[in-house]
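Participant: Listed in order, the protein sequences are those of chains A and B.
My numbering puts the first residue of the first sequence at 3, with every later residue one more than the last.
My numbering puts the first residue of the second sequence at 3, with every later residue one more than the last.
If you're looking for bench data, these hints aren't it; they were derived computationally from the structure.
Straight-line C-alpha distance at most 25 Å; calculated SDA-like pairs for lysine to any residue:
| # | chain 1 | residue 1 | chain 2 | residue 2 |
| --- | --- | --- | --- | --- |
| 1 | B | Lys134 | B | Glu153 |
| 2 | B | Lys36 | A | Leu141 |
| 3 | B | Lys36 | A | Pro61 |
| 4 | B | Lys36 | A | Tyr47 |
| 5 | B | Lys36 | A | Phe44 |
| 6 | B | Lys36 | A | Thr195 |
Quick list of simulated restraints, FRET-style, between CB atoms:
| # | chain 1 | residue 1 | chain 2 | residue 2 | range |
| --- | --- | --- | --- | --- | --- |
| 7 | B | Thr195 | A | Gly28 | 21 to 29 Å |
| 8 | B | Leu211 | A | Met38 | 43 to 51 Å |
| 9 | B | Ile34 | A | Gly41 | 22 to 30 Å |
| 10 | A | Met38 | B | Leu19 | 18 to 26 Å |
Examples of chain B residues toward chain A, derived with CB under 7 Å:
| # | residue |
| --- | --- |
| 11 | Glu10 |
| 12 | Ala13 |
| 13 | Tyr14 |
| 14 | Leu17 |
| 15 | Thr20 |
| 16 | Val21 |
| 17 | Phe24 |
| 18 | Ala28 |
| 19 | Ala31 |
Backbone N, C-alpha and C define an ideal beta-carbon position, used for all residues, glycine too.
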Amino acid sequence: MSAHAEAHHGPPIANQSSRVDAPTLGMLLFIASEIMLFGSFFTIYFFARVVAGPSEWPPPPFELPVFVAGVNTAILLTSSFTMHWSLQAIKRGNRAGLQAGLVLTVAMGLTFLITQILEYSRVGFSPQDGAFGSTFYGLTGLHGAHVFVGLTILTFATIRAFRGHFTAAEHRGVEISGIYWHFVDVMWIVVYTTVYIL
Amino acid sequence: MINPLRSEAEAYRFLLLTVGYFAAIAIAALVIGKWAGVIVFLALTAAGAVYVVRASRTEPPRQAVPSRRGRANERRILVIANETVGGARLRNEITTRSEGYDEHVLVVTPALNSHLRHWASDEDNARLEAQKRLDASLERLRQGGIDARGEVGDAEPLQAMEDALRLFGADEIIISTHPEGRSHWLEKGIVETARERFAVPITHVVVDLEVEHEEVRDRN
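Could you build all of it, start to finish, from the sequences and the hints given here?
Facilitator: This is how it looks when you write it as structure tokens:
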């Protein structure tokens with residue numbers, strides 16, 4: 003029987019203590035911190051709303067572009083569908099599907115962001131216009147920043163997809179960016195419902 | 003606990019559920035009135051909480067499939083043992099299992115600790131004791147002709163196995179315990195849980211140190 007101990011060269015092997023692999027765990031922890039960040043912004047929003055009393059919200063003369071934001075919501079939700087489609091495609095070894103899905107996702111994300119910026123220019127109030135303006139811009143702006151980050155991640159994933167970095171067996175770069183993109187969408191559903199609808 | 007963001011597919015499903023959840027609340031609030039919205043919110047939240055608790059109880063543990071490392075003629079054996087690691091039965095088992103292969107044996111000894119010390123991150127003594135047991139055990143294995151390397155693992159044996167699998171990529175696992183009635187690991191069902199959790203062959207070796215010591219005394 004031949005036997006030998008394994009030699010290890012280089013820096014010490016990183017310790018891992020989780021059932022989730024390290025890159026996914028990193029994204030989960032990042033999202034957990036993001037949820038806390040959004041939580042603090044929602045706390046401020048609801049505090050301002052409660053302090054404003056049972057009077058009309060948004061306080062006159064402000065009005066929110068509910069319809070435009072609704073269309074924007076539909077665009078963002080569709081982008082989640084294309085994101086999911088792209089990952090399903092690469093899981094079946096369909097690289098064209100992956101590339102098309104990612105391009106569509108980035109395009110729709112970009113559309114959402116541009117629409118939101120245009121909405122800011124036409125909405126008729128600014129962050130300086132009391133607690134309402136501050137909380138509105140704070141929440142939607144925070145979300146917009148996350149969309150921007152998500153788009154950056156997705157752009158890199160798209161470039162990598164066109165360079166052939168992903169296969170049916172190895173597509174973690176798409177999986178993790180997909181998790182983040184869905185998280186961004188979930189947060190928008192919460193923001194849209196609470197700020198625009200209710 | 004269910005983690006809704008463990009994979010993209012689960013995150014997507016969670017997004018769809020979120021859409022349904024907030025749509026129901028918004029429709030109730032806008033069509034019927036704000037108190038209807040509150041009632042729908044409370045009802046859906048309670049239903050979601052009940053579902054999460056029930057699903058957490060029934061959800062089977064996910065099997066971890068360690069990636070294959072090494073050459074085809076290599077046999078990578080992960081041994082999880084604590085006080086029984088130097089037992090003759092375990093040595094025989096390792097020898098049998100590695101017959102005809104270039105074997106790599108990693109012995110992991112969990113740093114057993116009290117709950118209080120574990121939560122207080124007071125692990126120094128536990129790790130020190132585990133290291134002493136490991137060193138002595140590795141020496142006994144070497145005397146038996148098995149050249150193994152070892153490391154001190156997490157206090158929780160299943161976690162220690164999982165950590166080792168990630169870096170070692172074993173072909174099989176050998177769990178060595180005391181006999182039934184004297185083994186905390188068997189009492190906690192570690193072997194059964196490990197078989198559910200890890201997609202590699204798992205051998206359970208019972209080492210009765212008292213019997214082995216008696217046999218040694220008789221021979222002498």
